[in-house]
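Colleague: Given the coordinates of chain A, work out where chain B should sit on it, guided by the hints.
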Amino acid sequence: MQRRSFLLGMLTMIALAPIKVWAALWNRPAFEALKIKDATQYLNVSEEIPSGDIVIVAPERAENGAVVQIEIRSNIQNTEAIAIFVENNPTPLIANFMFGDGAEPFVVTRIKMAETSDLKIVVKAGSQYFTNAKNITVLENGCG
Amino acid sequence: MDKSMKMRAQLKGNFTEVKVLMSHPMETGRRRNDADELVPAHFVQLLTATLNGKPVLQAQWGTGIAKNPYLTFRLKGAKLGDVVEVTWHDNLGETATHSIAVTQA
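One line per chain: the protein sequences are A and B, in this order. Each residue of the first sequence is one higher than the one before, starting from 1 at the first, in the working numbering. Each residue of the second sequence is one higher than the one before, starting from 1 at the first, in the working numbering.
Simulated from the structure, these hints should not be mistaken for laboratory data. Here the structure is a predicted model, which means the values were calculated and not measured. Take the hints with a grain of salt, since some may be wrong.
In silico DSS-like links for lysine-lysine, alpha-carbon gap of 25 Å or less [claimed, not checked]:
hint: 1; chain 1: B; residue 1: Lys76; chain 2: B; residue 2: Lys3
hint: 2; chain 1: A; residue 1: Lys134; chain 2: A; residue 2: Lys37
hint: 3; chain 1: B; residue 1: Lys67; chain 2: A; residue 2: Lys134
hint: 4; chain 1: B; residue 1: Lys67; chain 2: A; residue 2: Lys35
hint: 5; chain 1: B; residue 1: Lys19; chain 2: B; residue 2: Lys67
hint: 6; chain 1: B; residue 1: Lys12; chain 2: B; residue 2: Lys67
Just chain A, same shape as in the assembly:
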């Protein structure tokens, strides 16, 4: 619980911070990494435990890689963050969502996929990291 209140404190600081501080918060090395292994390393992801408690709702086949809607839900206790990767994108890290006490570990968003790839999710819960993946076939690529 202490960790969660720490996270919430961080969120408060972030919300009140001026724009320059915002820019400094963005994890540039992770987002600019060209390989998924490097991206996860820059997010300080340690050992990844495969978990079916990460539910991925996404199409088997995407007509247009420019817009692929995905839904991610974590049923893992004390989920603090959900990171989204597309392994075969030029920069695999898509997003990292961090949840405070008032939010459920659930997100729906639309992503770009350059080609057929695994969609990989990494959930942070305390000091542990869990992962699940789903392959999505892309018929027309969407990365400009």
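Modeller: The following block gives chain B in isolation, referenced to the frame of chain A:
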């Protein structure tokens, strides 16, 4: 630049579903225009959501979020009339914010 945001926050039983549609080009920096020139990267990097001023969600984004970003998230313990606010910041220092009250689904 159009920085408009469409938002809806609906109480659905034991959670509140917030849907957000943002106007943003989300340029990767790898796309070429008709003149075969690279279009500079222009994308949202950070997004926060608050409930009655209290932070509930923070996201860091790369260039892989689709143009005109769409987002659904769920809040616990929100009541009718509570205010949900969403703010984004992009890599060029632009920012937009929008708030809406929670309504019954």
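Colleague: Next step is simple, just say for each hint if it's right about the structure.
Modeller: Here is how each hint holds up against the structure:
1. This hinted pair does not check out: lysine 76(B) and lysine 3(B) have alpha carbons roughly 28 Å apart, beyond 25 Å.
2. Under the criterion of a C-alpha separation no larger than 25 Å, the hint pairing lysine 134(A) with lysine 37(A) is consistent with the structure, at around 17 Å.
3. With a C-alpha separation of about 23 Å, the suggested pair lysine 67(B) and lysine 134(A) falls inside the 25 Å cut-off, and the hint holds.
4. Under the criterion of a C-alpha separation no larger than 25 Å, the hint pairing lysine 67(B) with lysine 35(A) is consistent with the structure, at around 23 Å.
5. Between lysine 19(B) and lysine 67(B) the CA atoms are separated by roughly 16 Å; this keeps the pair inside 25 Å, and the hint holds.
6. Among the hinted pairs, lysine 12(B) with lysine 67(B) is inconsistent with the structure: their alpha-carbon atoms are about 28 Å apart, more than 25 Å.
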